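Student: Residue numbers (our numbering), protein chains in the order written: chain A, 1 to 184; chain B, 185 to 335.
Take these hints with a grain of salt, some might be off.
Said to hold, decoys possible - Stretch-level coverage of chain A by chain B, calculated; a stretch enters the list once three of its residues show a Cβ under 8 Å from a Cβ in chain B: (1) 57 to 67; (2) 86 to 98.
Claimed, not checked - Reference excerpt, derived from the structure (chain A facing chain B, CB under 10 Å, subset only): (3) G101; (4) W103; (5) V132; (6) Y161; (7) T163; (8) S166.
Because the hints were derived from the structure by calculation, they are not lab data. Everything numeric in this text was worked out from a predicted model, so none of it was measured. Quick reminder that beta carbons are idealized off the backbone N, C-alpha and C, glycines included.
The chain contents come next:
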Amino acid sequence: MLAAAAPTLAILIHLPNSSEKFSELSLLGPNHKAEDYPFNIASNNNYSLFLGVGNHLGYCAYYLVEVKFRNQTQPAPNSFNRTSSSLPSLFNITAFVADEGTWELPLTFSFDFGYNETLTQVNLFSMTLNDVSFDMRNYTIVWDSRNNGFLGSLFFELWVYDTATSSFRYHERFVGLWFNMTSS
Amino acid sequence: MHGLKLLLVSIMLLVLSSQFLAAASYADANEDMAASTLASAEESIVLAYQATLNAEEAGANVSGLLVRLNEAGQLLASAQTEYRLGDFEKANELSESSKSIGEEVQNAAVDLRGSALSQSVQRMVSTMVASVVGVASIAYLLKKRYGSTGS
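Just need the whole structure built from these sequences, with the hints factored in.
Tutor: As structure tokens, this is what we get:
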């Protein structure tokens with residue numbers, strides 16, 4: 001009798017889904033692998049990466065990726081406090097990803113920068129990402145004697161649209177790369 | 185004669201400045217229009233997403249809607265870039281395209297939700313009927329077997 005009633009019981013009784021809800025954010029190198037990431041960056045040279053998002057939230061999600069850049073003294077996202085970086089976003093990328101689906105965007109970027117010998121610093125002028133240019137004249141990088149380079153980080157923060165608040169909230173995930181901006 | 189020259193120069197200056205002011209106010213109007221279309225495109229995408237979520241919750245396959253939403257998102261991103269670069273006409277055009285895809289997705293999502301709900305009701309009714317028939321048949325067979333043994 002139970003066997004005959006099972007299909008109806010399955011419709012009427014909904015057990016909570018106990019699987020963990022999370023999202024993935026990934027950055028792959030130019031060969032679509034987690035290797036050969038660019039490090040030494042020359043001014044106005046093009047570099048390639050792949051940005052990926054995986055959705056395991058249990059519903060189709062509306063993501064926002066904020067592209068940011070910082071030097072070693074500027075604020076990074078904080079993994080302990082689970083907060084995003086307070087730096088402004090240079091560029092926003094949005095993606096709608098199906099539940100258990102993945103989304104990927106090939107990125108091609110270049111930096112326009114120059115070396116200021118008097119101040120021993122690198123002055124950034126602009127960045128181009130997938131043919132879109134942004135002004136970066138407020139960004140400077142000073143010499144890091146310990147690591148022997150002018151280090152700057154390009155990072156990507158993941159935000160997700162929250163229907164309860166009708167706004168994007170930081171999804172506590174970020175990926176980034178450090179670059180040595182000395183090659184000319 | 186001197187007064188006439190002064191008058192002519194004044195008229196020319198007035199005409200030139202009015203043209204400049206007209207161009208400036210036209211640019212301002214373009215910028216306002218582009219900003220307003222951008223905002224309504226963003227809103228349209230959010231509404232389309234919410235409708236898509238509702239359709240998904242009702243059991244509809246929303247993969248086609250997500251493809252269209254990504255197209256709308258890309259157009260919106262391009263519109264934002266053009267706006268930042270000062271090409272308000274292009275920004276307006278791209279925002280309008282993005283907005284219209286958002287509206288199209290919203291309507292399609294409402295339809296999908298409706299058909300998914302009616303399908304799930306049909307499925308539920310047929311499953312329940314099958315269960316009731318199954319339980320009744322088993323009860324009847326048991327009654328027939330054990331009822332006849334007992335008598």
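Student: Next, verify each hint and record whether it holds.
Tutor: Quick rundown of the hints versus the structure:
1. 57 to 67: holds (count 3)
2. 86 to 98: This one holds; 7 residues, not fewer than the three required, reach chain B with a Cβ under 8 Å.
3. G101: Nearest chain B Cβ about 8 Å off; hint holds.
4. W103: holds (8 Å)
5. V132: holds (5 Å)
6. Y161: Hint on Y161(A): holds, closest Cβ of chain B at ~7 Å, below 10 Å.
7. T163: holds (6 Å)
8. S166: holds (7 Å)
Hint check: no violations occur; every hint is consistent with the structure.
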